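Visitor: Each chain, written out:
2 protein chains.
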Amino acid sequence: MTTISGYEYETVTTSPVTPEELQLLKASVLFGPADEAALRQAGEVLANQIEDVLDVWYGFIGSHHHLRAQFSGPDGEPVSRYLDAVRGRFGQWIWDTCERPWDEQWLAYQNEIGLRHTPYKKNRTDRVESTTHVPLRYLIALIYPITATVRPFLEKSGRTADEVDAMQESWRKAVILQVALWTRPYAPGPW
Amino acid sequence: MTTISGYEYETVTTSPVTPEELQLLKASVLFGPADEAALRQAGEVLANQIEDVLDVWYGFIGSHHHLRAQFSGPDGEPVSRYLDAVRGRFGQWIWDTCERPWDEQWLAYQNEIGLRHTPYKKNRTDRVESTTHVPLRYLIALIYPITATVRPFLEKSGRTADEVDAMQESWRKAVILQVALWTRPYAPGPW
Ligand code: HEM
Ligand code: HEM
Chain A
1 MTTISGYEYE
11 TVTTSPVTPE
21 ELQLLKASVL
31 FGPADEAALR
41 QAGEVLANQI
51 EDVLDVWYGF
61 IGSHHHLRAQ
71 FSGPDGEPVS
81 RYLDAVRGRF
91 GQWIWDTCER
101 PWDEQWLAYQ
111 NEIGLRHTPY
121 KKNRTDRVES
131 TTHVPLRYLI
141 ALIYPITATV
151 RPFLEKSGRT
161 ADEVDAMQES
171 WRKAVILQVA
181 LWTRPYAPGP
191 W
Chain B
1 MTTISGYEYE
11 TVTTSPVTPE
21 ELQLLKASVL
31 FGPADEAALR
41 QAGEVLANQI
51 EDVLDVWYGF
61 IGSHHHLRAQ
71 FSGPDGEPVS
81 RYLDAVRGRF
91 GQWIWDTCER
101 PWDEQWLAYQ
111 NEIGLRHTPY
121 KKNRTDRVES
131 TTHVPLRYLI
141 ALIYPITATV
151 RPFLEKSGRT
161 ADEVDAMQES
171 WRKAVILQVA
181 LWTRPYAPGP
191 W
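The listed protein sequences correspond, in order, to chains A and B.
If you're matching positions, the first sequence starts at 1 in the UniProt record's numbering and goes up one per residue.
If you're matching positions, the second sequence starts at 1 in the UniProt record's numbering and goes up one per residue.
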């Protein structure tokens with residue numbers, strides 16, 4: 001296993017969010033045991049297509065100035081070292097989402113990912129100069145492309161339409177739930 | 001046309017969000033002219049099923065303590081006057097989402113809806129005593145149920161599977177985009 005630059009899953013250990021709060025969030029997105037199973041399947045299906053999925057997402061970000069800007073330096077040019085480092089962690093995140101247990105360790109890293117989109121921690125891990133934070137509205141908006149674009153990759157599995165639907169819905173719930181977790185440092189009070 | 005209690009679409013006129021910012025949000029959720037057409041169709045299909053859709057959503061909220069609590073008074077009991085008044089506006093919102101032009105008036109009312117979920121304005125319109133705000137995480141989480149549950153209603157139209165898919169996706173984009181707009185008063189700085 002190669003090391004992923006800046007990926008600190010084991011390092012971060014405490015989460016301000018409790019397992020009980022996570023439970024309520026799961027209920028809010030209708031995430032149940034069947035989704036857990038479908039998400040594991042999605043992980044198996046996506047595992048050998050991660051680079052292709054990332055190509056689609058990076059293509060989308062790269063083609064929109066307001067998104068690309070979040071990876072750009074003071075000169076307005078994308079910082080390729082930054083893009084590359086985050087790409088490795090992004091790929092790992094797909095796997096983590098599908099295959100890791102959503103325990104306290106996982107919750108702690110969700111908090112870390114949230115922080116890394118905000119002024120508290122953005123740019124720090126990769127020691128780059130870029131925008132202070134990812135605007136909250138884009139974090140939420142990207143739920144759409146990040147969820148819709150996995151469909152063709154899930155379909156490549158050759159599983160039945162019902163199984164593909166189940167994987168897709170579990171992925172949708174998982175992404176919405178995580179984005180909800182990540183917004184905490186943006187507004188800890190009313191979160 | 002009956003008056004809807006507390007519905008002030010024409011009253012609110014200024015939006016802190018510019019049409020240019022809306023444009024970038026549309027691009028972020030991949031909302032294009034085809035979605036505009038599909039959303040209009042969805043509006044036609046949902047128009048005579050609004051009460052049934054609301055029954056599903058209210059059933060969902062009512063069956064979860066952490067959601068029901070946002071409509072409850074200091075005694076912990078749901079305030080039925082509050083639930084009823086909001087229900088009228090919620091139904092109107094389905095129609096507004098699908099049929100109104102997303103112009104500056106619409107943007108201004110999006111801001112108002114956002115404020116009504118936060119300490120700035122929650123409870124004021126209906127003069128009730130309830131929780132100070134809807135927690136940000138639940139606002140985001142509810143994207144899932146609010147989008148997934150319309151499918152059966154869209155299917156009742158008897159349109160082709162492709163048309164139902166198009167209506168469903170346009171609805172998804174529209175809800176995600178609006179929730180992104182509504183989060184602004186939760187975190188105006190990093191929004
Ligand atoms: C659903 C929406 C999103 C998802 C699922 C997502 C996912 C991720 C993940 C998994 C990471 C790496 C976390 C780690 O360090 O281990 C990351 C980092 C990052 N994301 Fe996002 N992201 C989303 C929205 C956005 C948006 C809208 C932007 C704006 C272009 C963005 C820009 C970034 C940047 C710049 C980093 C690096 C942060 C740092 O300096 O450490 N993300 N994102
Ligand atoms: C995608 C998520 C959501 C959507 C689409 C949505 C939609 C709406 C709409 C259209 C209104 C009426 C706006 C008006 O006054 O004209 C409203 C008000 C309200 N919503 Fe939400 N909502 C969402 C999430 C939530 C959640 C999670 C709760 C928590 C139970 C909630 C509780 C309320 C309450 C209490 C009001 C009344 C606010 C007031 O005092 O004026 N909403 N919502």
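These are calculated hints, taken from the structure and not from any lab test.
Treat the hints with care, since some could be wrong.
Note that identical chains are pooled: a pair holds if it fits in a single copy or bridges any two copies.
To be verified - Simulated crosslink set (DSS-like; lysine-lysine; CA at most 30 Å straight-line):
{"no.": "1", "residue 1": "Lys26", "residue 2": "Lys121"}
{"no.": "2", "residue 1": "Lys122", "residue 2": "Lys26"}
{"no.": "3", "residue 1": "Lys156", "residue 2": "Lys26"}
{"no.": "4", "residue 1": "Lys156", "residue 2": "Lys122"}
Predicted model, so just to flag it, every value in this text is computed and none were measured.
Visitor: Look at each hint and say if it fits the structure.
Guide: How the hints compare with the structure:
no. : hint            : in the structure
1   : Lys26 / Lys121  : both (26 Å within a copy, 28 Å between copies)
2   : Lys122 / Lys26  : both (27 Å within a copy, 25 Å between copies)
3   : Lys156 / Lys26  : both (28 Å within a copy, 29 Å between copies)
4   : Lys156 / Lys122 : neither (35 Å within a copy, 46 Å between copies)
In this structure, only the earlier hint numbered 4 is contradicted, and the remaining ones agree with it.
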